[in-house]
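Protein chains: 2
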Amino acid sequence: MDTQTYIARRKALRSTVKGGAILLLGQQETSRNYLANPYPFRQDSHFLYYVGTDLPDLAALILPDGEEILFGAPEDPDDLVWHGPHPVLGDHAGAAGMAQHRDFSGLAEQLVSLAASSVDIHYLPPYRPDRTVRLAELLGRSLDEVTASPSAELVRAIVAQRSIKSDAEVAQIEDALAVSYDMYQAAYAVVGPGRRESEVAGAMQGVALAKDRAQSFLPIVSVRGEVLHNNTYGNVMQAGDLLLVDSGTESPHYYASDITRTLPVSGTFEPRQRGVYQAVLDSQLAAIAAAKPGVTNKALHLIAARTMASGLKEMGIMKGDVDAAVAAGAHALFYVHGLGHMMGVDVHDMEDLGDAVGYPEGEPRSEQFGLAFLRLAKPLEAGFVITVEPGIYFVPALIERWKAESTHADFINYEEAAKFIGFGGVRIEDDILITPTGARILGKPIPKTIQEVETALGH
Amino acid sequence: MDTQTYIARRKALRSTVKGGAILLLGQQETSRNYLANPYPFRQDSHFLYYVGTDLPDLAALILPDGEEILFGAPEDPDDLVWHGPHPVLGDHAGAAGMAQHRDFSGLAEQLVSLAASSVDIHYLPPYRPDRTVRLAELLGRSLDEVTASPSAELVRAIVAQRSIKSDAEVAQIEDALAVSYDMYQAAYAVVGPGRRESEVAGAMQGVALAKDRAQSFLPIVSVRGEVLHNNTYGNVMQAGDLLLVDSGTESPHYYASDITRTLPVSGTFEPRQRGVYQAVLDSQLAAIAAAKPGVTNKALHLIAARTMASGLKEMGIMKGDVDAAVAAGAHALFYVHGLGHMMGVDVHDMEDLGDAVGYPEGEPRSEQFGLAFLRLAKPLEAGFVITVEPGIYFVPALIERWKAESTHADFINYEEAAKFIGFGGVRIEDDILITPTGARILGKPIPKTIQEVETALGH
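Going down the list, the protein sequences come from chains A and B. One rule links them: number in our numbering = place in the first sequence (from 1) + 1473. One rule links them: number in our numbering = place in the second sequence (from 1) + 1473.
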């Protein structure tokens, strides 16, 4: 992104937020097991979007009159010794198109003085304890006060702005997707009976790291695809297993990719795996085909759900009227999560800003199991980039619980469902751009149909 | 480690710390760019050492009478749905040999009630803001109060205990070193002109990740070896460059390895590279040869310094009396850091506990440049595992500064030193165990002599 992009983004933000000062807090280093042993640094995403500088311990302040100041550590002569030649704070301010830069140690005083002049300080909800502590220090408030008073107006303005991706942003996401493509190519060579999940994870991450790319989230690489929260890689793959791989990486400007594929460990799908896989694929394609501006993502979610329920009915796992089953939420025994989420500088874009990202004001989330987990429900707009990632899972604990309570027994054939305990799960995920007339799957196609996947695995 | 090991470790700790309750706080998840996007979880090292459980949001409380309680989240029925079958809190307490387990939400009340009964609560200095915040919540104190009052007695007891490694701990470190060996083997295949530093980093990390091993710290993989604080991997290697690789991984029980090698990008060292490399290697071998119980690590540091100064004198870069030069600190223009550090569950073992780890009580760090950065100065004991990692660097900013100030001009030939600007740096690091009579280099030998390195690189 060039300097003009950051200037324009901040100008648009400043013009939307009426009055007050806007404080954008950069990220601090995060220690692992002691202070000087940090995790790989990741800048705060809002800071990346509006300033772009990828360094710890910065803050940007935008005053009511539009004056902009980048706060950071002043240069220490020893920095040159330990860090070699590098751009200094003024250079970073210049690259971001900010006229002024100042010593971070003066920020608290400036904020307190603004507050004393009855200028509101707009800041975002802190999503890490170190951010809460830093805001408390800067604003001279308690931790509880900081947590209680983020700016809803700033949240709304940023959600509106960051939701619509420019061509340059889409290009960044496609850049990350090109690396994802290579990561899957590396995976195909390692998937096979007798090998550990971690070998696939290592091969994929090695590809990204060789290109100096971070993961956009902790990947899932598991033969236990039905375990939704699963970031362990210790299982040994067996013939007959399905390996679910959900991973993503970041572009040079830290935009995310997020791709899921489900691969048969033996190289070919078994008959009932084909059935479940095809039902998920049909759902994903149906949702993508229906995606366009004005359609809600909730509607897409339900299209996917109905397609899936039809497939499950054909397999004898569900029964009765498909529309009624989906309206009741019966499909959610198998399709336990939402269709997808917004994507951008965050893989769940702006998730730190809460449901303002995915839900229209005044529309709370559904309380129905399954639908309650849908992160994005509102009408789609041209420029949104979202994931489409339906899945079918056979979760033993859930099947047993619903069966014991006869939940939706009109729509579920529990005898048949029980036979799928141990099957695992299937999810298929792509990243799509909402265009003025429909949607476009981003990135070079990664093998997805049954035949494509089997061919990729050498069969 | 088996249950008896953890029981014995806690019993020893309890018997050393007289009176009071001992609170060991586990690690919390660490968010990256929003709450639900964490970094890979790493348990607190003290918690690993005394309890072993590798889960977030735990705490262990050891009461004055030896009663032990593991605090954590009680099981939620939904955990089975989202996380699959897994051990519950009682299982973890059992594995750690702790008789009791309780809901974490009751810990604060118990601590406040202990404090009301005038029972001291011993806790360690918090090294992350989230730990400070959690301790403040648990103890009902302010952040400043928490920071001000960690237990010096607990720190001393833990330093004494964790400094001496058992055979099982040494085996863990050697297990990590076996992976380091494989990582270097992978590196040799990727080092070469025209390739990016990140390709080497990715190849090495891919090996570790395939074995499900985390890095013990952010690796250095750089043709700018003279930049000491350097975790970027963007340079393209050129023939004639030296690539400095400092990396480590973790064993199944999270013990660290830490190995540095310096590799000629072309596959063979140039004549002056051979000179500098051999001076560093001679220093490392001299320090290792002198290592045994009773000798201070500061003495080893100075042995390495004198060996290096001799080598630099032979090359015409230093001059005058070697002992006098080292006593004055002139060598530190090139050998800018300390010889090494304690190793264990942390790569800089117990660095969160401060200089109590490396310095005898009442002996402050030297203020001399170079020696001031020595992390471990005290007498070695059998059972210590330490790194030995001397290096020679040509840091342009430092050479120019000292030259301008004529610093140690009696001992440094600045005209000759200036010719090495652009040379980079050489460091060679192994991990050694102090035995009753000397020292043993741990792990399968990783190519280190000039000939071994060139052979490994295919020459």
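Since the hints were made in silico from the structure, they are not lab data. Just so it is clear, the structure is predicted and the values come from calculations on it, not from any experiment. Beta carbons are placed, not taken as given, at the ideal position from N, Cα and C, and that holds for glycine. Errors might be hidden in some of the hints.
Stated by the list, open to error - Label-pair restraints from in silico Cβ distances: (1) B/Gln1583 x A/Ala1485: 50 to 56 angstroms; (2) B/Asp1828 x A/Pro1666: 50 to 56 angstroms; (3) A/Glu1548 x B/Ile1480: 38 to 44 angstroms; (4) B/Asp1576 x A/Gly1579: 56 to 62 angstroms; (5) B/Ala1589 x A/Ala1891: 42 to 48 angstroms; (6) B/Pro1918 x A/Arg1745: 37 to 43 angstroms; (7) B/Ala1621 x A/Pro1666: 33 to 39 angstroms; (8) B/Asp1576 x A/Pro1918: 47 to 53 angstroms; (9) A/Thr1620 x B/Asp1551: 24 to 30 angstroms.
Stated by the list, open to error - So, partial list: chain B residues that the calculated Cβ filter (under 8 angstroms) puts toward chain A: (10) Thr1503; (11) His1556; (12) Pro1560; (13) Leu1562; (14) Gly1563; (15) Pro1602; (16) Val1680; (17) Asn1708; (18) Val1868; (19) Trp1875.
Each hint tested on the structure:
Distance hint for glutamine 1583 of chain B and alanine 1485 of chain A: a CB-CB separation of about 52 angstroms, consistent with the stated range 50 to 56 angstroms. Range check, aspartate 1828 of chain B to proline 1666 of chain A: Cβ separation about 53 angstroms, and the 50 to 56 angstroms hint holds. At roughly 52 angstroms, the beta carbons of glutamate 1548 of chain A and isoleucine 1480 of chain B sit outside the given window of 38 to 44 angstroms. Remark: the range hint 56 to 62 angstroms for aspartate 1576 of chain B to glycine 1579 of chain A is contradicted by a beta-carbon distance near 45 angstroms.
Range check, alanine 1589 of chain B to alanine 1891 of chain A: about 55 angstroms between beta-carbon atoms, so the 42 to 48 angstroms window is missed. The hint said 37 to 43 angstroms for the Cβ distance between proline 1918 of chain B and arginine 1745 of chain A, and at roughly 52 angstroms that hint is violated. At about 58 angstroms, the beta-carbon gap between alanine 1621 of chain B and proline 1666 of chain A misses the expected band of 33 to 39 angstroms. Our hint of 47 to 53 angstroms for aspartate 1576 of chain B and proline 1918 of chain A holds, since their Cβ atoms are close to 50 angstroms apart.
Between threonine 1620 of chain A and aspartate 1551 of chain B, the C-beta spacing of about 26 angstroms keeps the proposed range 24 to 30 angstroms intact. Using the Cβ-Cβ criterion of 8 angstroms, the hint placing threonine 1503 of chain B at the interface with chain A is satisfied: the shortest such distance is roughly 5 angstroms. About 5 angstroms separates the beta-carbon of histidine 1556 of chain B from the nearest beta-carbon of chain A, less than 8 angstroms, and the hint is met. The criterion of a C-beta within 8 angstroms of any C-beta in chain A is not met by proline 1560 of chain B, whose closest approach is roughly 13 angstroms, and the hint is violated.
Proximity of leucine 1562 of chain B to chain A is violated relative to the hint, the smallest CB-CB distance being about 17 angstroms (cut-off 8 angstroms). A distance limit of 8 angstroms between C-beta atoms decides the matter here; for glycine 1563 of chain B the minimum to chain A is near 19 angstroms, and the interface restraint is violated. Using the Cβ-Cβ criterion of 8 angstroms, the hint placing proline 1602 of chain B at the interface with chain A is satisfied: the shortest such distance is roughly 4 angstroms. Checking valine 1680 of chain B against chain A: minimum C-beta separation of about 7 angstroms stays under 8 angstroms; hint holds.
Hint status for asparagine 1708 of chain B relative to chain A: violated, with the closest Cβ pair at about 11 angstroms, above 8 angstroms. Using the Cβ-Cβ criterion of 8 angstroms, the hint placing valine 1868 of chain B at the interface with chain A is satisfied: the shortest such distance is roughly 6 angstroms. A distance limit of 8 angstroms between C-beta atoms decides the matter here; for tryptophan 1875 of chain B the minimum to chain A is near 10 angstroms, and the interface restraint is violated.
Comparing the model with each numbered hint stated earlier shows that hints 3, 4, 5, 6, 7, 12, 13, 14, 17, 19 do not hold.
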